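Chain A is already provided as a structure; the job is to place chain B on it using the hints.
Listed in order, the protein sequences are those of chains A and B.
Quick note: the first sequence, position 110, residue 110 per our numbering, numbers continuous.
Quick note: the second sequence, position 177, residue 301 per our numbering, numbers continuous.
Be a bit skeptical, because a hint or two may be false.
[Claimed, not checked] Only some residues are given here: those of chain A computed to face chain B with a beta carbon under 10 angstroms:
(1) Q7
(2) K23
(3) E28
(4) T43
(5) T63
[What the hints assert, rightly or not] Beta-carbon label-pair distances, calculated as ranges:
(6) B:D276 / A:Q7: 29 to 37 angstroms
(7) A:R8 / B:T287: 51 to 59 angstroms
(8) B:H277 / A:A12: 19 to 27 angstroms
(9) A:F73 / B:P191: 21 to 29 angstroms
Please keep in mind that the hints were generated in silico from the structure rather than gathered at the bench.
In this text the structure is predicted, and so the values were computed from the model without any measurement.
Yeah, the Cβ is synthetic: ideal placement off N, Cα and C, and Gly gets one too.
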Amino acid sequence: MKPDSRQRPSDAEIDRLLGSQLKRTSPEFEQRWRELRGQFVATASASPRPHRRSWLLWPGIVTAAVAAALVVFILRDDLIPPDRTKLVTFEELIALDSALASATPLLAAENREVLLYLPTPANL
Amino acid sequence: MPQVDGNDDEDGAVFTRAATGDERAWQELFTRWKRPLLAFFYRSLSSMPEAEDLTLEVFVRLHRAAPRYESRGHFSTYLFHIARNLLLNELRRRRRKPTLPLPPDAFDYFPSTATNDSRQLAELEEEFQRALGELPEAQRTLLLLIQQQGLDHSAAATVLGITGNAFRVQLHRARQRLKELMSPRS
Chain A
1 MKPDSRQRPS DAEIDRLLGS QLKRTSPEFE QRWRELRGQF VATASASPRP HRRSWLLWPG
61 IVTAAVAAAL VVFILRDDLI PPDRTKLVTF EELIALDSAL ASATPLLAAE NREVLLYLPT
121 PANL
Chain B
125 MPQVDGNDDE DGAVFTRAAT GDERAWQELF TRWKRPLLAF FYRSLSSMPE AEDLTLEVFV
185 RLHRAAPRYE SRGHFSTYLF HIARNLLLNE LRRRRRKPTL PLPPDAFDYF PSTATNDSRQ
245 LAELEEEFQR ALGELPEAQR TLLLLIQQQG LDHSAAATVL GITGNAFRVQ LHRARQRLKE
305 LMSPRS
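This is chain A alone, in the form it adopts within the complex (with noise of 0.2 angstroms):
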């Protein structure tokens, strides 16, 4: 076996090894770099970026449509014609008066004229 004259690196050389860069590049790494950076150039050319912020356009457009699909289902019965045949009958409305009676002094004055004219089929 070869006797080994080395001795053990110092902490400065084993800096100065992992520390090194290479000097130069290849022709031949450069060309393929050129080539790469054109075909960068025209890809970006060819499709316009979307918008950094585009990310954020799907999930608003989500929540726009679970919105209006709520606003919707809220308010159906206002875009609805109300069916007549669910309207309550006249008994019953006797007896909710007969039921309210009792408390009908203490509804302001506003409220009673409104009772007074609540809506029957026949009115409608």
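Chain B alone, transformed into the frame defined by chain A:
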């Protein structure tokens, strides 16, 4: 050794311009990072052709990621995160390939009062590259990120996916192991 921290925000801004297809911005990034990346890959793989392929691949990955890039951290952390993933893929994929060592004059060793004799330097370079190759990948990458690339400790820990404490332990072990591997064998 590149001064990473001072230029990181600037690099992020250049990358944002590059993402819009700005050719000069791409060139600026390449000019700044080609040699650090080549050195990183060469020291990791002992093969210049592979180092060149992977360096260009880093730029391809950057180009693909550009529309989604948000400048929230150091650009160099992002860059070497990509580089390390490519390196790990390559190490998993490759069979044992013959190494293609570069001569010492390919490197810009910073001045030292120690070995300057060319023959000794050639031996030292050969021994260094061999020893690096015998280090576990994580230890080798850690040393390269800190001492070759000048990343700060937290950035290097982020690239490696380890905590600050684990980082300090690993750094100490890596240096010790490298010195052992470069020591004359009995």
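Which hints from the list above does the structure break, by number from lowest to highest?
-> 5, 7, 9
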